[in-house]
Every structure is written in C-alpha cells, then in structure tokens.
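Peer 1: Single-letter residue listing:
Protein chains: 2
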Amino acid sequence: MASKESNVDVLIIGAGPAGYMAATWFARTGVNARIIDKRGNKIFAGQADGLQCRTLEVFQSFGFGDRAIKEANHMLEICFWEPNDKGEIIRSNRIPDTVVGISRFQQVVLHQGRIEQWMTDSIKKWSQDTLQVERPKLPLSIDIDESKVNDTDAYPVTVKVKTLSDDDANPEQFGGKIANGLFRQFDGDKDLKVEDDSEIETIHAKYVIGCDGAHSWVRKQIGIEMEGETSDYIWGVLDTVPITDFPDIRNRCAIHSKDSGSIMIIPREDGLVRLYIQLRETPRADDDAEKKGRVDRSKITPELILENARKIFHPYKLDIIDTKWYTAYQIGQRVSPKFHKDNRVFIAGDACHTHSPKAGQGMNVSMMDTYNLAWKVAQVVKGIAKPEILATYEAERRQVARDLINFDYKFSRLFSGKPGEGGISLSEFHQVFEKGNEFASGTIVDYTPSMIVSKPDTEMEKFDEGSKGLQAFEFRAQYFNPLAKNVPVGRRLDHAKVVTYSDAKPIWLADRMKSDGRWRLIFFSGDVAKNEKAAAFGKELSDYLLSKDSFVQKYTPASAQLFSVIDPILVSSSDRRSYEWFDYPEAFRHRDEDGRMDYWSIYTDEPSYHQGHGKIYEKYGISPETGAILVVRPDGYVSLVADTNTKGIKEVEDFFGNVLVEQNPSWASHGFIKAKRDEDLVDTYGQNDIGFPVFAR
Amino acid sequence: MASKESNVDVLIIGAGPAGYMAATWFARTGVNARIIDKRGNKIFAGQADGLQCRTLEVFQSFGFGDRAIKEANHMLEICFWEPNDKGEIIRSNRIPDTVVGISRFQQVVLHQGRIEQWMTDSIKKWSQDTLQVERPKLPLSIDIDESKVNDTDAYPVTVKVKTLSDDDANPEQFGGKIANGLFRQFDGDKDLKVEDDSEIETIHAKYVIGCDGAHSWVRKQIGIEMEGETSDYIWGVLDTVPITDFPDIRNRCAIHSKDSGSIMIIPREDGLVRLYIQLRETPRADDDAEKKGRVDRSKITPELILENARKIFHPYKLDIIDTKWYTAYQIGQRVSPKFHKDNRVFIAGDACHTHSPKAGQGMNVSMMDTYNLAWKVAQVVKGIAKPEILATYEAERRQVARDLINFDYKFSRLFSGKPGEGGISLSEFHQVFEKGNEFASGTIVDYTPSMIVSKPDTEMEKFDEGSKGLQAFEFRAQYFNPLAKNVPVGRRLDHAKVVTYSDAKPIWLADRMKSDGRWRLIFFSGDVAKNEKAAAFGKELSDYLLSKDSFVQKYTPASAQLFSVIDPILVSSSDRRSYEWFDYPEAFRHRDEDGRMDYWSIYTDEPSYHQGHGKIYEKYGISPETGAILVVRPDGYVSLVADTNTKGIKEVEDFFGNVLVEQNPSWASHGFIKAKRDEDLVDTYGQNDIGFPVFAR
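Chains as they are written, first to last, in UniProt numbering: chain C, 1 to 697; chain A, 1 to 697.
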C-alpha cells in the first residue's frame with residue numbers, strides 16, 4: 001500500500017458547468033481546492049447553450065461577462081407558430097425573448113465548450129494556474145468520519161481516486177462521425193478493475209462538492225435518490241445549419257404543428273441553429289425485457305430527427321448542412337430531496353435536478369447552485385463565517401430546483417401536447433411561456449428567510465391555478481422593507497447605474513461589487529448637501545465604521561486589509577456640483593498609510609454626460625429624505641435593509657454578529673486596501689479590483 | 001558580398017503607433033508586409049496615453065475596441081481652475097471632456113504599451129503570426145529606382161537593413177531608475193560601423209512607409225525637411241500617484257496659476273495620474289556653443305518638476321509616490337511639407353508632424369495617418385484599386401496635420417500664457433479648449449474632394465478670427481448631399497444603431513462594416529412596405545448588383561467571393577412586422593451554392609426591444625420617402641451619396657470605374673461569402689466576419 005495521500009480543503013468532483021463555477025469562486029477567493037473529472041476531454045460541441053440574464057450578471061461579476069456578450073449569439077425575439085385550418089404552420093405572434101427591463105443583460109446562446117473556457121481562464125488567472133482540472137480521475141469511494149463533522153479544522157471526508165488511462169477515459173462514441181450526446185455519459189466506474197494501488201490517491205477533504213451530473217456517483221454514495229417522473233415525450237436535438245425558406249430561422253421559435261409534434265428553434269453563433277424536434281415516432285428497444293418498449297436511443301439518427309422536423313415545418317422546406325452535434329432525450333422531471341450529507345458532502349447541478357432542456361435552464365441553474373454554495377464554503381474554510389451558513393445552501397437551492405421542476409412539468413407538457421380541440425390550449429402555452437421566461441431569466445429567484453436573509457417568512461404565490469389538470473407552479477412572494485420599496489430582500493440586487501463622484505463615470509454599481517468574496521454595505525446617504533440630518537448620520541456611520549468596535553473591525557482578520565471582509569459604499573442623492581469630495585464621510589474616502597486615497601466608493605444619483613441617468617433611488621424605491629442601508633451578500637443577494645440611524649447600525653451589527661466569526665483584533669495592522677495593478681487582472685471601467693480581499697492568496 | 005536579399009510588397013520602418021496601425025491593416029488584408037524597428041524593446045510605460053473617439057471607432061472596426069473600453073481609464077470631465085485675487089487656484093467650471101453626441105465612444109486613457117499590445121495581438125491573429133516586428137534592425141540606406149516607379153509589379157525601393165546586437169539597440173537610459181522619455185530617441189545610426197556584410201539584408205520593396213518618429217531617418221533620406229517653429233515654453237511630465245487634498249485629481253484639469261505657470265491633469269488607469277507641468281525655471285545648457293541657452297533636458301528631474309507643480313497647486317498640497325515615468329519637452333509646432341516620394345516611399349505620424357502633447361493628439365493622429373494610407377496601399381498591391389489613389393494620402397493627411405499644428409499653436413500658447421491683465425484671456429482659453437476638443441476627437445476630420453471623395457470643393461471655415469494676434473485655426477466646411485442632409489461627404493460616417501431584420505438585434509451599423517478592406521454600398525431603401533416605387537427600385541438595384549455587368553462583378557477578382565470587394569447593405573425604414581424577409585431584394589439576402597443564406601445584410605430603422613431606437617434615417621437626414629445610396633470607403637469615410645434611381649446606380653458605377661481596376665471576369669467562379677468560424681476570429685455580436693474578403697490570405 002504505497003498509495004498517495006493528501007489533504008485539501010475542498011474537492012470538486014465533476015468538471016461541468018457546476019464544477020467550473022465552484023472552482024471559479026475558489027480560485028477568486030484563494031481557497032485550497034481541487035477539481036477532478038473522469039472524462040479525458042473537454043467538450044467542444046453541443047450540450048447546453050443558453051445563458052440567462054442572471055448567469056450573465058454573475059459572469060460579469062467575475063470579469064468575463066464581456067466575453068459572453070462579444071462571442072455569443074444574442075437571441076432577442078420569440079416567434080410563435082401554430083397550425084391553420086389547412087394544417088400549415090403560420091406565425092401567430094412575436095414577443096421579446098427576454099422580458100423587457102428584467103436585467104441589464106439579455107439571453108445569449110453559445111456552445112457549452114466556450115462557456116467552460118471562460119471559467120477555465122478565470123480560474124487560471126486568479127489561482128495563478130495552481131487550480132486545474134485533473135483528468136481523467138475516477139472517484140472510487142467516499143467516506144465521512146461522523147466524529148469529525150463538527151470540527152471545522154478537521155478533514156472528515158476521505159475520497160479514493162484512481163487516475164485512468166486515456167483508453168478508459170475516452171470510450172468511443174457510437175452514432176457515427178457527428179458528435180452527439182446520446183452516449184456522452186461515461187460509466188467508467190462500471191467494469192473497472194483496480195489492480196494497481198499506485199494509481200490510487202487518498203484525498204482527505206474538509207468539503208466535497210459532487211457536480212457529476214444526472215447519474216451522479218457522489219449522490220449515490222451518500223445515499224440520496226432522485227424523486228420524480230418521466231413522460232412519454234421524446235425529443236431530438238440537431239445543431240446544424242438549416243437551408244430553408246422558413247423566414248424566422250434566426251429567431252427563437254416555438255412551433256406547434258397540427259399532428260406532427262412541436263419544434264423549438266434556438267439560433268446560435270456562427271450561422272448554426274439548434275432545433276429541438278419532437279419525435280412522434282421513435283425506435284423502441286425489443287431485445288431486453290427490462291428496457292422493452294422504451295425508446296432505443298442508439299437507433300436515433302440525424303436523418304430520423306430531420307424527417308420528423310420536415311413534417312412539422314410543412315409547408316416550409318428544410319434541409320441541413322454542417323451538422324455539428326445531435327442527441328435525443330425523453331422528458332422527465334426529477335429532483336433530489338436532499339442536497340448534502342452533514343453539510344460536508346454536497347451535490348449540485350444535474351446531480352440534484354433534471355428536466356427538459358428547452359427553457360435553457362439546466363446549465364444555468366447548475367452554475368447558480370455552486371455560485372450559491374461555494375462562497376459560503378470559502379468563508380467557512382477561511383474562518384470568516386460560521387459553518388451554520390452552509391445549511392442555507394440546501395434551503396435556498398432546493399426551492400429553486402422544485403420551482404424549476406414544477407415549471408418544466410407544466411411547460412414541457414404544453415409544448416409537447418397536440419394543440420386544439422381536446423388537446424392543449426395554445427393561449428395557455430403562450431401565457432406559461434411568457435411567465436416561464438421571467439422565471440427562466442434567473443432574476444426572480446427569491447431566497448427564504450435565514451441567518452443570511454433577514455426577512456419574515458412569506459407566502460407562496462401560485463401561478464395559473466386554473467390549469468386543466470396540469471400542476472400549477474408557484475413562486476415565493478417578494479418581501480420589501482418600506483425603506484427600499486423596490487428591493488426584494490432575498491433576491492439579487494438588480495443592477496442600476498450611478499455616477500462615480502471623483503471622476504464622473506457612469507457605472508453599473510454592480511460592477512463595483514465584484515464576486516471577490518466581500519460583503520457589501522451600501523449606504524444610501526440621501527441628500528447630504530441639503531439635509532443636515534443626512535450629513536450628520538453619514539458622519540456617525542463613518543465614525544462607527546472606523547472605530548475599533550465596529551463590525552468591520554471585529555470580523556476582519558488582523559492580517560487583512562480593513563475593508564476586505566465588509567466593503568462600504570456610499571450612494572448620495574446630492575449631485576456632484578452641490579457637495580465637495582472632502583465633505584463626504586471619511587470611511588468612504590479612506591487613505592492608506594502612504595496617503596493613497598480610495599476614489600471609487602462614493603457615487604451619486606445624477607445624469608451622466610453621455611449615458612443618461614440611472615435613477616437608482618427611484619429604481620430601488622429609496623427616498624432621498626430617509627436613505628437606507630443595504631447589506632448585500634458576496635453573491636449579490638440582498639440580506640438586509642436597515643434604517644439610517646443608530647438603530648439601523650445596531651441592526652447591521654446584529655446581522656453580522658450572527659453570521660461572521662469574531663477575529664483576533666489588532667487594529668494597528670489594518671491597512672487600507674492598496675491598489676495593485678497587474679495587467680492580467682485588469683477589470684471593467686479601467687479599474688482593476690482595488691486591492692485583494694482577504695480571500696485572495 | 002554574401003548578404004541576404006529579398007522582396008516584400010511593403011516595408012514599414014518603425015514600430016510605434018503609426019507603424020503598428022499600418023501593420024494591423026496589412027495583417028487584416030493579407031498583404032505581404034514586414035515591419036522593422038531599431039530599438040530592442042517594446043515600451044512598457046509612459047509615452048502617449050489618450051485615445052480619442054475616432055481612434056476608438058477604428059479600434060472597434062478592427063475588433064479590439066472592447067479592450068480599450070475595458071482596460072483604459074474613462075476620462076469624462078474637464079475642470080477648469082484659475083487664480084483668485086489671493087493667487088490661490090479655484091475651480092471656475094466643469095465641462096464634459098468629450099463633446100456630447102460627437103461619437104458613440106468617449107476619450108479614454110492608458111499607457112502606450114497596452115495600446116501597441118492590442119495591435120500586436122490583432123496583427124498576430126490576422127497574419128497567423130507571420131507578420132512580426134523584426135527588431136533590432138537598423139535601416140542603412142534607401143534607394144528608389146525612378147525608372148520603375150510607374151510599374152505596379154516592380155519593386156523599385158531598395159532598403160539596406162542591419163541587424164543590431166542587443167547592446168547597440170538598448171543604450172542605457174540616463175536619468176536614474178525611473179523610466180523616462182528624455183533620452184528615448186535612440187540615434188543608433190550615428191556612429192555605427194558596418195564591418196560585417198553578413199548582418200546586412202537588402203530588401204526590395206514595392207512600397208516603404210516611414211513611421212520612425214520626429215527625427216525620422218526615412219524623411220531625411222527622401223530629402224524632406226520639417227517646417228515650423230519652437231517656442232520657449234518648457235513642460236515637464238510625471239506619471240505618478242499623487243497624494244493630495246486637491247479635490248479634482250481624478251478629472252482632467254486645466255489649471256492656470258497666477259504667476260507659477262499651468263498644469264494639465266490627466267487621470268490614468270490604476271490610480272496613476274499624468275501631470276503636465278509648465279516649468280517656469282529650467283536648467284540651461286552652458287557647455288556647448290551650439291546648444292548654449294537652450295534647455296538642458298538631461299538636468300530635469302522628477303523633483304524639479306514636482307517643485308514647479310507645487311507652486312502652481314497652491315494652496316493645495318501635492319506629494320507623489322510610485323512615479324512610473326517622467327519627461328520634459330519644449331513646445332514646438334512642425335509639419336512636413338511633403339508626405340511621400342513618388343508615392344512609393346511614405347512618411348507618417350511624428351515623422352510628418354510634431355506639436356505639444358497635451359491635447360492627446362500625437363499618437364492618435366499618427367495612427368490615423370497610416371489608417372488612411374495602408375488600406376490604399378493594400379488595394380493597390382492587391383491589384384484592386386488604381387495606384388492613383390495613393391496620392392490622396394498626402395492630400396488628405398497633410399491638411400489634418402496643418403489643422404492640428406494651427407490648433408496646437410494657438411492652444412499651447414493660451415495654455416502656457418500668464419492669465420489676466422496683459423496676458424492671455426482665460427475665457428478665450430476655455431473657448432479654444434472646447435472647440436479644440438471637438439477637433440481633437442478626430443471625428444470632424446473632413447477629407448478634400450478627390451477620386452475617392454465625391455464632392456465639390458468647399459471653403460475653409462475660420463475659427464476665432466478675432467484672436468489677439470494669435471494665428472487662427474480653421475476647418476474645412478462640410479458638404480452635404482440633400483439626400484442625406486446630416487452626412488458630410490468626406491467625413492467618417494457617424495455610427496448609428498439599426499435593428500437586424502432577421503433576428504431583431506440592435507447593432508451599431510458600423511460593427512457590420514469592419515475594417516476588412518471592403519467598400520460598402522449602403523442602400524437606404526426607404527419604406528418598401530408602403531412605397532411601391534421604393535420596392536421597385538430595390539429590385540432594380542438588386543438585379544443590377546447580381547448581373548454580370550455590375551460594378552460588383554467587374555471589380556471583384558474571379559477567384560474571390562462575390563461581395564468581397566464591394567459589400568452591399570440594405571437599411572429599410574419599414575419595420576420588421578410590416579414586410580417579409582423573402583420580399584426583400586435578393587442581392588441583400590444572397591445564398592451560396594450550398595444554400596446558406598446571408599442573414600446579416602438587411603436592417604431596419606425601428607425601436608429595439610431593449611436598447612431604444614437608433615433613428616438612423618433621422619440621424620443621417622435621409623428621407624424615408626426618397627432613400628439614398630451611400631458609398632463608404634474601407635476606412636469608413638463617406639465617398640459618395642447617390643440617388644435611388646437608375647441615374648444613381650450609374651453615378652456609383654462611374655465612381656468605382658474611376659477608382660477600381662477591372663478584373664478578368666469569370667462569373668461562374670464567384671461564390672457567396674461562406675461563413676467560416678474560427679473561435680479566435682470571433683467578433684462582436686456573436687457574428688464572426690461573414691467569410692473572408694479578397695484581401696485576406
């Protein structure tokens with residue numbers, strides 16, 4: 001037994017979108033993490049392709065949103081097509097693909113390989129190339145030492161991992177020369193014989209995150225079974241260049257034919273189009289008692305899928321060239337009842353929820369799972385936050401998974417159903433599609449009350465109660481603090497533009513709030529120029545923040561820079577001409593020991609010279625009379641809205657007291673966050689991040 | 001004599017901004033070019049830093065405008081400061097730095113090294129790494145064989161080039177540890193002994209472009225002397241991090257003190273600030289009769305510059321840390337009377353014009369020189385355009401250089417002059433500054449009538465006739481064709497947004513008109529849905545374009561794709577809901593032999609879902625009743641406005657007949673431009689360029 005043994009703070013199993021997103025967080029926050037994958041190759045075609053608004057916001061917060069905007073196809077419009085009396089399809093409506101006003105970004109489409117590349121580049125940059133996907137590596141066993149799960153310093157999870165040969169890791173795809181998703185799932189663990197211990201490593205981890213897909217090995221190891229059901233609806237997928245006289249081929253289209261099934265068109269980058277095509281007639285298995293009567297996916301070919309598509313397209317013609325990828329799937333909705341074991345081993349992404357792909361949710365919700373989880377793990381591993389925050393992962397994300405499954409159940413049955421007399425109602429389909437698009441954007445996810453979301457419990461709102469026997473889906477009602485009438489607590493803070501006081505730049509405030517692991521304290525000061533009370537409270541808050549007893553001081557490690565755990569930002573409703581820089585409270589224009597000043601923490605709500613007026617006070621429903629204090633989580637979700645008075649400060653103090661770990665104080669060692677330029681780390685608006693938070697190496 | 005000998009179509013001498021810009025064009029258009037530089041290193045600090053609007057538009061057209069927007073500091077505001085009665089400086093006004101509405105971009109600031117890097121990356125990408133700066137290589141002689149200058153196939157220019165050792169190429173900078181510009185100019189040719197022929201290469205070139213700076217060796221070789229004068233004003237420059245209680249340090253500031261001189265502040269990336277500081281007292285040379293009394297730049301130190309700055313800043317305090325670079329210069333305005341010899345050897349950039357740096361013009365105008373020149377050379381080398389177009393380079397750019405010199409003469413004297421009684425007028429200074437900013441943006445450059453700018457000759461407009469003895473500066477009056485009332489012929493076509501018909505995308509039409517070497521024919525069709533005449537002319541134009549006799553066919557090489565020399569674009573004033581795709585004329589939705597359709601050449605003027613209404617017809621002053629045809633040069637300048645009738649087609653036909661070379665026709669070999677994806681070549685809006693124009697390899 002000369003096998004290798006090692007410790008790691010976090011082990012990620014599975015390098016798909018969920019795994020990459022977790023690794024992106026860990027690289028950004030400087031966590032000692034590893035990521036393994038059993039497949040030998042990255043993917044280069046097919047798979048998921050839609051990037052929803054919220055995902056783009058998150059990409060932007062990591063500094064690569066611009067790559068998505070530049071490279072991906074922007075999908076702007078949905079056209080609905082339905083059969084006329086003659087059984088020909090006709091256009092019935094056009095609507096915007098992204099609900100207008102829901103986000104600064106709109107949905108874009110690009111193949112999954114590019115998306116994983118951006119995260120790979122970001123991981124490389126921030127980890128200085130120390131965090132790389134290790135592949136092909138197959139996990140063999142996972143054990144949790146229950147006696148140690150409450151010890152934050154322990155490594156209670158033991159994972160044995162075998163390095164595969166390239167032959168083992170790259171089973172030949174069948175289905176011909178065209179890449180496809182029919183046989184993507186590699187069950188490398190099935191028949192593997194472990195003969196040589198030298199290829200096996202024993203990894204002791206504080207935390208393990210299973211991002212290993214719908215057939216998750218991690219999920220099975222921790223004894224969780226998916227719940228849900230599968231329908232009879234079979235769909236095929238083609239990534240191809242259509243040659244057609246159908247006029248809307250470059251828009252997203254939802255087509256119901258009279259008798260031949262439905263199609264969804266997703267226009268893609270580079271002249272490609274993804275066609276989701278309902279397969280009314282599919283080859284069935286007959287060779288195996290267990291599988292008998294089920295669809296035999298190995299018999300599905302691009303030609304068979306195209307044949308179905310042509311019937312639906314009638315009277316339009318359809319040929320295809322340059323087909324890049326195809327697959328077929330059977331619609332089902334399944335969700336995991338639990339998302340973790342002992343809050344030490346977590347599962348995320350497809351390991352927790354599977355459903356039909358047409359709403360572009362799988363990859364997005366998967367990435368948002370680990371975007372929710374990994375910063376919490378990072379804060380706990382770093383000793384910043386209490387381990388209790390880890391329980392919010394399941395609470396928050398399981399609800400999202402259930403909402404998704406309920407929505408998809410309804411949506412996919414309406415899309416697959418035959419329209420008209422005795423069938424489904426197309427007007428109901430359109431209505432669900434529009435409501436679903438709002439949900440699918442990811443921007444209305446609403447996290448439940450918890451130690452990191454300070455609000456009373458709210459009722460669920462049902463959508464579409466009167467549906468004909470189909471399950472209704474429901475969303476959590478929003479909760480607003482009257483101080484910020486349009487800021488739902490528990491939702492992501494919608495992006496709004498402000499003007500930088502010091503240099504008159506119009507910026508999205510969110511671009512000042514990068515995903516760097518910091519909590520934000522946004523102080524809406526009101527009109528400090530005209531309102532003496534506002535100016536006085538600004539001074540009170542500033543004095544508090546700079547005092548030795550403040551929550552900033554208490555929860556920031558002595559070795560770290562002062563604002564590296566909690567980052568204060570001031571948004572004034574006074575314009576730049578009415579109030580001087582040096583009259584603003586000092587905490588928001590802090591100097592380091594060399595005298596360097598932070599010029600980028602004070603903003604105003606006023607018209608910019610070239611990009612209009614963000615009207616952030618109006619957008620957030622904050623009165624310039626009263627102002628407000630917002631606490632925003634490292635992932636951009638609103639934790640708390642507090643009043644601009646001593647009581648409000650106390651409320652924020654209590655909030656952080658409940659979440660963060662008190663550090664060993666040593667006031668003298670706190671310095672201002674120094675600007676440190678590295679051309680590779682440069683960021684939007686010519687500002688690289690102002691220094692490195694405590695989480696960075 | 002075993003020295004190396006070779007042929008090249010174009011040799012660029014000097015790898016500064018002008019040289020890189022020329023190389024960027026040649027890489028993009030697939031021209032056989034080389035670029036040499038005598039210095040051993042790229043620069044990493046200091047030098048020029050401002051990027052003007054027009055430069056950003058050009059960067060965008062090459063596909064790297066986004067890098068500037070992301071990395072550079074956005075400079076939004078100018079604050080004017082002037083002395084009060086007590087001799088203290090006070091803020092007198094704030095104005096936007098970029099004139100509002102003048103461009104889709106605003107001025108940004110970043111050090112020259114990054115800017116050269118973007119061009120280097122673009123050159124690498126498009127030349128597939130075959131075009132690289134060869135350094136250190138020193139040109140020794142240049143000879144033109146006059147008997148061959150009229151033969152387009154000949155290589156009449158012979159340049160001998162010596163490869164330097166690293167020691168020769170990197171003379172030690174004096175002036176201490178801080179990088180500086182005082183001794184940047186390397187006169188490597190002065191004392192060099194050529195002992196070994198093996199280090200010498202003889203290059204035979206069709207064309208040579210000298211981009212070798214203010215002391216241009218190429219200029220001297222072709223016997224051109226600069227004209228102009230030098231003032232007594234001496235200025236110092238510091239790139240530094242100021243520690244100050246001056247409140248506007250992150251804005252551009254123009255400060256006149258009472259007695260101590262003036263300062264310009266340029267806020268930079270990464271907390272840096274560039275300070276231009278007038279030096280009232282400067283060390284003079286005393287050791288040399290020739291130089292006696294002139295400023296001895298070698299005695300200027302950062303401390304001396306800072307000392308001057310502190311006097312001007314009074315009563316504000318100023319310290320500096322992290323100084324990255326410094327220099328000093330004596331203001332002069334010099335311009336070259338000729339820009340070429342035999343239209344075979346050209347000079348560009350600082351080799352043609354030098355002036356004070358504070359308006360951020362040197363690097364920008366230099367790049368715009370070769371942006372103007374290199375596409376013409378490319379078209380001639382490729383046999384697409386007649387060599388006569390090369391004469392337009394001097395005609396167009398010398399006027400710009402003269403305008404610049406006249407403006408700078410006035411501006412720099414007003415800036416350096418003492419304000420108040422007996423001195424200069426600050427209100428005149430402000431007025432000239434504002435007018436100058438419009439000029440400095442690069443967007444109002446107005447090219448003279450020529451074979452590629454079809455307009456009558458226009459008067460010059462004088463600005464500021466009444467100035468007190470200072471030379472007035474003047475701009476060419478605009479010429480408008482009544483069909484496009486707001487499109488000055490000879491100026492760059494201002495950017496405007498349209499909506500892609502096929503997929504509802506709001507795009508800047510300019511982003512469809514990349515700098516890829518193609519001429520554009522923009523057909524403003526009018527309201528084809530409601531106006532039968534407009535629809536009929538659309539069909540006429542389309543039939544013409546697709547006919548064997550059209551200018552598209554005639555001037556496109558048989559081996560090239562149909563629209564690779566002239567690229568037709570249709571902009572309709574009918575909205576997308578009122579007219580069907582297949583009713584638009586065929587030339588604008590052309591199919592290739594496999595049936596692939598071009599979906600990105602038809603646009604509409606209508607509100608987009610998320611980004612407002614571009615109103616391009618209104619912006620360009622084109623009536624939806626009449627429409628218009630615009631011919632736009634490969635560099636984005638408007639050549640011609642023609643009517644939407646048979647006469648208009650004839651006018652365009654005559655225009656191209658005068659400029660382009662008739663190709664050997666072979667209709668059958670023309671194919672549609674195929675979409676070819678390469679992830680590295682991907683471009684804005686998810687569309688990589690639709691195929692490669694004839695100029696690409």
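Treat the hints with care, since some could be wrong.
In this list, chains with the same sequence are indistinguishable; a pair is considered to hold if it fits within one copy or across any two.
[Unchecked claim] The calculated BS3-like cross-link candidates involving lysine-lysine, where the alpha carbons are at most 25 Å apart (straight line), are: (1) K530 to K647; (2) K615 to K70; (3) K70 to K124; (4) K386 to K124; (5) K70 to K125; (6) K220 to K148; (7) K554 to K299; (8) K317 to K124; (9) K86 to K317; (10) K317 to K650; (11) K86 to K615; (12) K311 to K539.
Since the hints were made in silico from the structure, they are not lab data.
Peer 1: A separate judgement is required for each hint: does it hold in the structure or not?
Peer 2: To see whether the hints hold, each was checked on the structure:
1. With identical chains, the CA atoms of K530 and K647 are at most 25 Å apart within one copy only, with a shortest distance of 23 Å there and 65 Å across copies.
2. For the identical chains of this complex, K615 and K70 are inter-copy neighbours only, at 24 Å across copies versus 27 Å inside a copy, given an alpha-carbon limit of 25 Å.
3. In this assembly of identical chains, the alpha carbons of K70 and K124 lie at most 25 Å apart whether taken from the same copy (21 Å) or from different copies (20 Å).
4. For a Cα distance limit of 25 Å, the shortest separation of K386 from K124 qualifies neither inside one copy, at 29 Å, nor across copies, at 50 Å.
5. With identical chains, the CA atoms of K70 and K125 are at most 25 Å apart both within one copy (20 Å) and between copies (17 Å).
6. For the identical chains of this complex, K220 and K148 are intra-copy neighbours only, at 22 Å inside a copy versus 81 Å across copies, given an alpha-carbon limit of 25 Å.
7. For a Cα distance limit of 25 Å, the shortest separation of K554 from K299 qualifies neither inside one copy, at 64 Å, nor across copies, at 52 Å.
8. Within a single copy, K317 and K124 get their C-alpha atoms no closer than 47 Å, and across copies no closer than 42 Å, so neither meets the 25 Å cut-off.
9. When the C-alpha separation of K86 and K317 is checked against a cutoff of 25 Å, the pair qualifies only within one copy, where the shortest distance is 17 Å, while the shortest distance between copies is 83 Å.
10. Taking the shortest alpha-carbon separations for K317 and K650, neither the intra-copy value of 68 Å nor the inter-copy value of 38 Å comes in at or below 25 Å.
11. Within a single copy, K86 and K615 get their C-alpha atoms no closer than 52 Å, and across copies no closer than 40 Å, so neither meets the 25 Å cut-off.
12. In the homo-oligomer, the alpha carbons of K311 and K539 never lie at most 25 Å apart, since the shortest distance is 71 Å inside one protomer and 33 Å across protomers.
Checked against the numbered hints above, the structure violates hints 4, 7, 8, 10, 11, 12; every other hint is satisfied.
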